[in-house]
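Asks: I would like the entire structure built from these sequences, with the hints used as guidance.
Protein sequence lines correspond, in order, to chains A and B.
When we follow my numbering, the leftmost residue of the first sequence carries the number 14, and every step to the right adds one.
When we follow my numbering, the leftmost residue of the second sequence carries the number 933, and every step to the right adds one.
Computed list of chain A residues with no C-beta within reach of chain B, every gap over 12 Å:
#1 F61
#2 F75
#3 W128
#4 T214
#5 W218
#6 V225
#7 S227
#8 S233
#9 K242
#10 V319
#11 A365
#12 W367
#13 I370
#14 S466
Label pairs and their computed distance ranges (CB to CB):
#15 B:T1589 / A:Y80: 32 to 42 Å
#16 B:G1625 / A:L431: 16 to 26 Å
#17 B:R1880 / A:Y167: 50 to 60 Å
To spell it out: a stretch of chain B is covered by chain A in this simulated footprint if at least three of its residues, at any positions, have a beta carbon under 8 Å from a beta carbon of chain A; those stretches are:
#18 1719-1730
#19 1766-1780
FYI, nobody ran anything at the bench for these hints, they're computed from the structure.
Ideal placement from N, C-alpha and C gives every residue a C-beta, glycine not left out.
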Amino acid sequence: MKAETSTMNAEFPDILREIPLLEGSVTSGSLDDQVLGVTDRKPPRRWFVAMAFTSTLMLLGFGFIGYTIYTGIGVWGNNSPVFWAFDIINFVFWVGIGHAGTLISAILFIFRMRWRNAIARFAEAMTIFAVMCAGIFPLIHVGRPWLAFWLFPYPNQRAVWPNFRSPLLWDVFAVSTYFAVSAMFWYLGLLPDIASMRDRTANKWRKLIYTVISLGWHGSARHWQHFEKAYLLLAGLATGLVLSVHSVVSFDFATSVVPGWHMTIFPPYFVAGAIFAGFAMVVLVLVVVRESMQLKNLITLRHLEVMNKVILGMSCLMGYSYAMEGFTAWYSQNVYLHHTFLNIIGGHYGWAGWLTISCNIFIPQLLWFKKCRTSYFWMILVAVAVTVGMWFERFVIIVISLHQDYLPSAWRLYHPTLVDFGILLGSFGLFFTLVLLFARVLPVIATSEVKGSLPGSQPRPGGEHA
Amino acid sequence: MREEQPHYWRSLEERGASPEALQAAHDELKPGTLAPADSPVTGISRRNFLGLVGATAAVAATAACDKSGKAFVVPYTKRPKEVVPGVANFYASTFPEGTRSYSVLVKTREGRPIHITGNDEHPGLKGKTSPRALADILRLYDPERLRGPKLQGHSATWADAEKVLNTAIANAKQAGKAILLLTGASTSPTRKALLAELKAALPTLEHLAWEPALGEGAQEAATAVFGTSLQLKPRLENAKVILSLGADFLNGEDPEAIAAFTSQRRPAEPVKTMNRLWVFEGPLSLTGSNADQRFPVPPSRLAALGFALAKDLGLPLPAGAQLASLPAPADIPAEAWRKLLEDLRSAGSGAVVLCGAAMPAEAHVAAHLLNTMLESKCLEVRPAEPLAGLRDLEAARKDMASGKYAAAIFWGVNPVHAFPDAEAWNAALAKVTTRVWVGLLEDESAAGCALVLPEHHWLEAWGDHEDGALLTLQQPTVGALYDTRQGEEVVLAILRGLGAAAAEDYRAYLHDRWAKDVHRGPVPFERFWQAALHDGFVKTDAKTLALPAFRGDAVKAMAEQARKTSGAFELMLRPGTQVFDGRYGNNGWLQELPDPITKATWGNPLAISVADAKFLGLQDGDRVELAVAGRQLSLPVLLQPGQAKGVLALALGYGRTVGGVAKGIGVNAFPLIDMQSPCPNLIHDVKLTKGKGRTQIPFTQNHHRMDGRDLVHSSSLVEFAKVKKKPAADLATLYPDLQFPEHKWGMVIDLSACIGCSTCVLACQSENNVTTVGPEQVAKGREMHWIRIDRYYEGSEENPRVVHQPMLCQQCDHAPCENVCPVNATNHSPDGLNQMAYNRCVGTRYCANNCPYKVRRFNFLEFTAYKTEPESLVYNPEVTVRPRGVMEKCTFCVQRIQDARIRAKAENRPVLDGDIVPACAAACPSQAIVFGDLKDPKSLVTQLSRTRRGYKVLEEVGARPAITYLADLKNPALEVGE
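Replies: Here is the structure:
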């Protein structure tokens, strides 16, 4: 038995071997000190600087949102025919960013990819924050936000229901379900760690808070048994949602009659794009986190490299989708679709089309090289490019398709305003403010799960403890 | 007594209860006896609690009442019999506009006018009117209207104003000094009679009637060849060939001409004949855009072209006329020239040559010559009031400066805006002792006048107007909103001041004059008068005038004149399509109405040909410097396909400096005019240089080609005769077909008849409370018109083919907008309407994204809520005013549909074809829009939609629109491409 394993190991090429989860010697105690101890220490100066910056952006964004709600969305650049612009671009962008978290924590969990353990918590948190950012936009983009609750099917004396045929309504369900399940999943996973923090801290107030939110977790076998079951179930539920939420978001476009929106490829294409953008954002944030919070031994370069491989894979899928869009435009012999595609690569907004293609297809090809996958410079370059590229992809889909659709008489260019940019920046401010807060008050790494993969924690084949 | 009453028990419990219990039950109903039951918690009894709650609510309610708006509300004790709340009344009246007048019907609701249409009894207009007549209702409610007379800038009473005016005039009369009366043109015989009386009582009065934007060539030419000032009205019902020398007779001002012209352009099956329109013109006009053959020619060359035609026509010249040898114009293809001559000859008296008002006199003479040679029967001769020209104005200015006038009265004119040298005018005006201004809205000229007398709006005033063989009556449709009087009453006051016997008011004057001069026949006058008020007009015994003898000797000099052309740019000034000579500058509806050709709103960019613009490196909105003989103007340019090379065109009436809406919109082109020029509206030797910077032009359409899309079906008469109707079949769909139990409303729009005049746009705006948004918002693409006219160019930039396509909600059966609305705010009615519930709309704008026709309009900002009286009085009470954040669109005038259905139901009959006419269809002068029930196989709309020309726009999207367009047919003389 033992001999067989070793021969197998010898036969496996390096690339197929399981990723070492940790570097150096990590024990339960050192892990707790490293991860959970953060909350007991005073935040460093640079944290405050970063916080000041992001919260300023956030407040600026809220100011612009207030101005919009007070005055009307005429303060944006939206016009006829570009009735949707930054509002929905930002919405789709942030929902997309939110995809990586659930993918990492749920799908990789189900596939027992244990390397996910070190990064799952952070990715999940980012999901929640990104969906929060996304959720703002459908609310503020409507003409009368104070009536937006009419989108919910609640019983009312007028006996009016929302229109269940409208993809926007599906959005409401898809995104709210996604947010609820992701939040639950995240919170459930946090329970054992919060309990650890409760046990560690000496501060009275912190102890009280952690006591309340750890929901009486004692780490008994019974707790663990229930926990594992619930976690698996939620992972199963979330898996479906990863695929559904962005498919539903894509229905906003795919079910319409607008040339450039009305495409059957949209659901998988949107999901791939979302994972793509989400992973890029996770890489971006993890690089900062592992450096600034001294977590290099837990979030290793191998983690980043694997993530980069996913990004590369998704980039190729995106390339396929873009090519398919072009093929469909040509093959359909549809003059309108044809025109829209030509607009992407050569119209007034052709620069946005090429920016999208360059950032999402060409630049990520760097990741074929191991050097690029493991070098901060290159991976940050790619991650930033993908983030920019995916924002512009939504710009391409929404603005380019809308600005010239069927009747040339109605065509018009779109010019964003200061308020549009302000709210976009504000959403980034909100996102990073939440990320920064999270990094200080909750464990950024799922210690309970990492502990499960520490040497000696798991029984190994052959009855030995490795 | 009490004990003796029988005791009835209410329940068995009560009967068997103890006396204490009975007492308690009794006491429960007694007031104030529940002290023991006070709540142990609050110490307040239930009754007291309810009392307190009631009192609090009452106090809160009283406190919430706003005492500031307190006013007496008095209900009718006796309702005026003509006012039924919720029921519209229609009154016939007349809209005067200088040399024209339009008999109209005014729709009033609860005593206020809300909508204007043409008078449907009028034999020529048949319910149609000019777009400006429709829109002028807005001026009635203009918040900037003067509320009362002003003396030296301070409010005054009419009595004081009259005293000042009459003293001044009496003094002038005594001193034997002249008095200047400057007015606009008028078609009113009673006003003329009144002014004649004034002249008789005040012999030193000098009256000038002046229309600054109309040009002087027509009058000069008529005087030269006919010896009198007259107006030639085109009568195109039987015209087979129409040649326009820069005449824009289809620009909407003359609905009769449009109706007559288009009546020959909607070929019935089998398709055989149509009239043919040839146009030679400099700028691309609406008429040119509807031409069968159009050639861009600089206006200065039109006269020579006309004389060359006369020479080549091969018909005898009128006696005394001589034409030197003139070559056929080099830039007109010989084949076209030959065909044109052939057309004119073969049509004979069925041919007519029309010449544009802004054209020089020699071009008009050429047209008169051609018409005389052809013996054209397509012109009606009407007498015309001789108008003052700029040279007369300049003379008056000099007289003012020399102190000749003791008083000057400006009535309905704005010389400070329209006189080319405003500074000199003002300087001269300062020398006049008494300066009086009479008008509706304070303008540039009011500022220099000590006495400012506010006039009634025409909807508040009396009047009568000559309209060919008809005399139309103008009656007030609303009481004066402010302390104003109609201008004629100022004249009456002057007459009284001079001691002449004058009527008490103008109504009495008009009434008396009609009794004396107009009344004919056996009908007693009061009945005659009532009938005239009802109909809006009476027939007079004025006979059709014959054209005076043609004075051939005038031709030679004019033909000599015609040969002079200039090398540099020539600039054509024309009255603004919307603001005319500037008098409508404060009208937001008109300012925001896109120019039918350029689709520009809010301003007057300089139209330049594409070739010239390319040569100078100019693009839309680039600023240029115009220089004419030392006069300068800086303004943005607009590249106009189809405009002749070397020609510039600019609209008059913009660049006002007074008026909340008008101020600062466009540039004033009047100062460019050379007062000594025989043809002031055509300026030669204009220098154009590229200036600095750009000005965004608020276009409503930015893309002008169809890009090969099959949106407007068009064909030539010859080609179309060969076309077979393709079998109509709807595209396959997964949706179930909609069922329409009773009606299915639909529309047909005949593109052959539609000339693009945009009257429908204004009619819709007025009917449906469509708001204006201003130039910045139009530039951002947020205009709100429910119906727009898409205008496409096809072919070369030098001389494109133009098509107009009205675009409004297509009321699709499978409406893409409906299924995407998350809150069900837009859905389908059982009679086939795609309806909009504004109250339910939250404003996701998804519907607008998904509308292939882009006819949905969104309230991006609050455009309506701040509007208060008097602005809000113009609203149609039957249509919701939409707030910000709400989507809106054409409803097929659902309020009119419901009105007709209710009427039909009340009369216990089905809705008949033609009962329902949406505002756009009602206003369309060419009757291109037909509305009706598609379920009724006999209805006109059903029959038209099944003709060979019928097609649906964007049928391939599968939305199943309810509007059928009929293909545009042209009747070109040359094969396409020739």
